[in-house]
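Sequential numbering from 129 applies to the sequence shown in this note's numbering.
Do not rely on the hints blindly, as some may be mistaken.
[What the hints assert, rightly or not] Pairs of lysine to aspartate or glutamate residues, derived as EDC-like cross-links and limited to a Cα-Cα distance of at most 20 Å, are as follows:
| # | residue 1 | residue 2 |
| --- | --- | --- |
| 1 | LYS499 | GLU406 |
| 2 | LYS303 | ASP377 |
| 3 | LYS447 | GLU200 |
| 4 | LYS285 | ASP266 |
| 5 | LYS504 | ASP555 |
| 6 | LYS488 | ASP531 |
| 7 | LYS532 | GLU291 |
| 8 | LYS672 | GLU184 |
| 9 | LYS256 | ASP490 |
| 10 | LYS568 | ASP528 |
| 11 | LYS568 | ASP515 |
| 12 | LYS539 | GLU619 |
| 13 | LYS491 | ASP531 |
| 14 | LYS382 | ASP418 |
| 15 | LYS491 | GLU200 |
For the record, the hints were derived by calculation from the structure and aren't laboratory data.
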Amino acid sequence: MKKLIFVMLLISYNFFAFGQEETSKDWYFLDLSNDNVPGISVYKTYNELLKGRKSEPVVVAVIDGGVDYLHEDLRDIMWHNPGEKPNNGIDDDKNGYVDDVYGWNFIGGSDGRDVNQDNLEVTRLYKKYNYKYKDVTDPSKLSKAQKKEYEIYKESKAELEGEKVKAAESLDRYKTRKMEIFKSLDQVQKELDAKGLTYAQVGSLTETDDDGYNTSLALVKRVQAADPDLKSIQDIKDLIGSDFQRGIDYFTDKVMYHYNPDFNPRSVVGDNYDDSSEKYYGNGDVKGPDADHGTHVSGIIAAVRGNNIGMDGIADNVKIMGVRVVPNGDERDKDVANGIRYAVDNGAKIINMSFGKSFKWDKKVVDDAVKYAMKKGVLLVHAAGNDNQNNDVANNFPTDKYDKKGFCGKKYAKNWIEVGASSYMNDSLFVAEFSNYGAKNVDVFAPGVAIYSTIPENQYASFQGTSMASPVVAGVAAVLKSYFPGLSAKEIKSIILESSVKKTFKVVEPGTGELVPFSALSVSGGEVNLYNAVKLAMDKYGKKAAK
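Put together the whole structure using the sequences plus the hints.
Set out below in structure tokens:
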């Protein structure tokens, strides 16, 4: 599932955002020694190491929920299938996919319809096993295989029922709190009207014995001081209302779709879902109905550099291939596997995967696709997840660990980088409070807070999540592959981890609040750094540079 982290504190009416320290939109491009900001040194790298050097184009696949391929900052760097003529309804290159000009959409139908909402995997598993085990009273009579299924059923049933109740309660709280806050803001407006005052004169209002009114009055004063562009109480309501609506929409989706066993949109796709070996289904619409997430990810990697539009991507010689497999809900293993294989077969050398889930359906088909990518020398970069959990003990699928051993008895994919999220604070708050971590299962950290990038319809926005940290690493990997095309996926991974900036101070461990050594939260104990990575590649693999 593609999770965007948004401010949930609205429920408690804690509008701390208006008092937060301001950060520059390009903070993650900055350098700690030059700018006193723990960025990844993008400017320093291009100015000092890469100026005048040759590079080769690299195809980076963004397996996600959709990419706006017409965005002003992306259209010039989108991958175009060289063997496909657009919109002629013919599979010109005979790769099995009709009109796959910018990539492929595995959650759409041949009739042009697209899946937007879907279940979470836990819901699909519950539905799968409910009819078999709902009436079981004595599990000891089940066979060994049935007992295994029964345990999955019990776990999925418990989580489904619990989370659906919590989602419904959160939805009610959001709706109720919005009404309460708006009512209080209306009281402030009435007080202004009664005294013949304008919004600019709100500072002359004093507190009353109404706590709700006082809180709203304090909010209005803070907003007025922090954002002079807002000229009225209605402007404030519009600002707050949009945040509340995001929360309302989020929990509505959970109740109506994510945790609803009666909802199944798969008929839109028209495939035989039980056949994981099936590859040729979907359509060529790589944008889909909701491309915010994938477009944002794409911009981080490779938005056109130096065009004085919007923002710059990390890599300067990249083509973005859009591969749509992630709905608003959990991605399906069959689609993920096919997305990886499509990207590999069509020339991608790096694949970004900013999605994840806590349950699996058919991990073998994904494992086989990962092994296929490794055979073809393709690097996979994956977001560690936003549940402030330890991935050494909790699940975040897909993973680099095979259910069964891979090549030469290997248990782990060597072409995989798992990425946690760091912040712009170079102190104990360095690790993003939402980020997953793991001394064994998270490889490296990268900036993932307040990341400014592209969103559909030529717009831009700041998002946060390990979904943003992963494409930072994918962008660094793309630079390495572009300027040192002879590097293997394994070598690129080694460079990124070895060259990461080690932090010697203790940080707040997400989820626990305890101070722990940063080195204990990942394999490398470091944050990715483009300058260090390129310098190490030059020193160690200079012969593999572009000619």
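Against the structure, the hints:
1. LYS499 / GLU406: Holds, at roughly 18 Å.
2. LYS303 / ASP377: 10 Å, holds
3. LYS447 / GLU200: 15 Å, holds
4. LYS285 / ASP266: Holds, at about 17 Å.
5. LYS504 / ASP555: 40 Å, violated
6. LYS488 / ASP531: 11 Å, holds
7. LYS532 / GLU291: 31 Å, violated
8. LYS672 / GLU184: Holds, at about 12 Å.
9. LYS256 / ASP490: 13 Å, holds
10. LYS568 / ASP528: 11 Å, holds
11. LYS568 / ASP515: Holds: LYS568 and ASP515 sit about 17 Å apart, inside 20 Å.
12. LYS539 / GLU619: 19 Å, holds
13. LYS491 / ASP531: With Cα atoms ~7 Å apart, LYS491 and ASP531 stay inside 20 Å; holds.
14. LYS382 / ASP418: Given that 20 Å is the threshold and the Cα spacing comes to 16 Å, the pair holds.
15. LYS491 / GLU200: Status violated; Cα separation ~38 Å.
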